[in-house]
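Novice: The listed protein sequences correspond, in order, to chains F and A. If you count by this note's numbering, then the first sequence holds residues 130 to 352, one letter each, in order. If you count by this note's numbering, then the second sequence holds residues 33 to 283, one letter each, in order.
Facing chain F, from chain A, some residues (calculated, C-beta under 10 Å):
1. Ile164
2. Ile178
3. Arg180
4. Phe181
The following label-pair restraints were derived from C-beta to C-beta distances:
5. F:Leu202 to A:Ile219: 29 to 37 Å
6. F:Phe173 to A:Ala45: 52 to 60 Å
7. F:Leu212 to A:Ile219: 27 to 35 Å
8. A:Ala63 to F:Leu202: 20 to 28 Å
9. A:Lys172 to F:Lys345: 53 to 61 Å
10. F:Pro335 to A:Ile277: 52 to 60 Å
11. F:Ala243 to A:Ser85: 51 to 59 Å
12. F:Glu134 to A:Asn169: 30 to 38 Å
13. A:Asn236 to F:Ala211: 42 to 50 Å
On the chain F side, residues computed to face chain A include the following (Cβ under 10 Å):
14. Glu134
15. Tyr210
16. Phe214
17. Ser298
18. Val299
19. Ala301
20. Ala314
In case anyone wonders, no lab produced these hints; they're calculated from the structure. These numbers come from a predicted model, not from an experiment. For every residue, glycine included, the Cβ atom is placed at its ideal position computed from N, Cα and C.
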Amino acid sequence: MSFVETFFNWDVFVSSFPLLLSGLRITLLLGVVSIIAGLVSGLFIALIRIYGARPLGIVAKVYTDIFRSIPILVLLIVVYYALPFVGLRLSPFMSAAVALTLVSGAYTAEIFRAGIEAIPSGQFEASQALGLGYRHMMVDVILPQAVRIVIPPLTNNCINVIKDTALASVVAMPDLLKQATQAQALEANPTPLIVAALMYVAILWPLVILVGRLEKSFRRGDR
Amino acid sequence: MLLAAISGGAHAADLTVGANIGNVPWEFQNAEGQFVGFELDLVSEVGSRLNKSVEIVNIPFNGLFSAVQSGRVDIAVSSISITEKRLASVAFAQPYYDSAQSLTVVNGNSATGLLDMRDKVIGVDTGSTGDIWTTANRTKYGFADIRRFEGLALAMLDMQTGRIDGYISDIPALEYFIKDKPYFKIIQRIETGENYSMMFARKNPLVQEVDKVISELKREGYIAELHEKWFGTVPAESSSTVIVIDGYEPQ
Chain F
130 MSFVETFFNW DVFVSSFPLL LSGLRITLLL GVVSIIAGLV SGLFIALIRI
180 YGARPLGIVA KVYTDIFRSI PILVLLIVVY YALPFVGLRL SPFMSAAVAL
230 TLVSGAYTAE IFRAGIEAIP SGQFEASQAL GLGYRHMMVD VILPQAVRIV
280 IPPLTNNCIN VIKDTALASV VAMPDLLKQA TQAQALEANP TPLIVAALMY
330 VAILWPLVIL VGRLEKSFRR GDR
Chain A
33 MLLAAISGGA HAADLTVGAN IGNVPWEFQN AEGQFVGFEL DLVSEVGSRL
83 NKSVEIVNIP FNGLFSAVQS GRVDIAVSSI SITEKRLASV AFAQPYYDSA
133 QSLTVVNGNS ATGLLDMRDK VIGVDTGSTG DIWTTANRTK YGFADIRRFE
183 GLALAMLDMQ TGRIDGYISD IPALEYFIKD KPYFKIIQRI ETGENYSMMF
233 ARKNPLVQEV DKVISELKRE GYIAELHEKW FGTVPAESSS TVIVIDGYEP
283 Q
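Produce the complete structure using the sequences and hints provided.
Specialist: If you want it as structure tokens, here you go:
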């Protein structure tokens, strides 16, 4: 069998394409849900860590430390296969979304914290001197500046979350990788895997380029 | 030396054999950590008849197809059924086992067969003939969903948690697996008329060599003995475990 026939087999491509598209849909859905949930939880954890009461701050720190130390695959297997024994039975999609969100939230919290802490203390003092309340100070003064600093690393984190969705195939989730391995076994041909790889690249390459552009333009803004 | 260390390893032996370890009783790891099983006995006997050393590599079932095609392994065994679609991309020696599918549920489930699986969630192994059968018969039996696993152990674990209601897979593996696990039961045999054999890359001259040895081993009754060793029963006279097919040409 020739190289093209093996790795870029047109018939196999045509017959497996619908399956791969359905996998891509689930991969994107899982990625978007986990990214949004991770952003929201990460922001709260960062705020608690910096401005919360001391015991709460410690809890937030322990959370970010633990979930940055645990491999996502291990966390996913624990959530999916171990939690049912204590009565918590999540669907494959929910298990994957929970595992990805827990980890993404921890990373996002660290990114936000670094961003907020990078704002000079003069900005806080000036806000207070102007008599702004806490909410106004954060929403109108601090966060808009912090967001500029954190957008490139946050976009990087989004890329990682989408890549990590491929791990969900171990919990019987029909994501892109799972559909590709299934199609590959059904057709006894690796073309679906190649197509899946190209699909991942097609989604993530623009994001990778975007990170580069953002970093450049924000650096220019500093001058 | 360095190059050998990088590219070698998998090709240290004359014949590299890919097997989905954990597929009882065909190829699995025993308590001592050795790879054992019906097909591993068979493939090592084939190797010794051909005067070739054999090395077993553990590869998940759905990875075996690309493994033979890429030349990463010379032979794949894993109770692989010969199907028309697979024959378009890979080659097989003559079959040595007639198989069927089966429906397994947890003991205590009141279901008695496929007809009780309407609106239920079925587990299968990714890309297996069980997957193919279940997907083709999904609307006929009204399965709510099909979940795809990388092997029997994870699927059975998920059945215990209650996420899947039934598991459809090759009957010999299930019969062997549940022997010492009374909390599972097989409630239906599903006739699919499939046969297992060793898988190769297309146009690999090794296919004919191995095929001849399999004929020889059938004539000597060696494969029938393996059947007795691993299943405790004598194979039927009319089964492919006994019948010799000289010059096997798959349809």
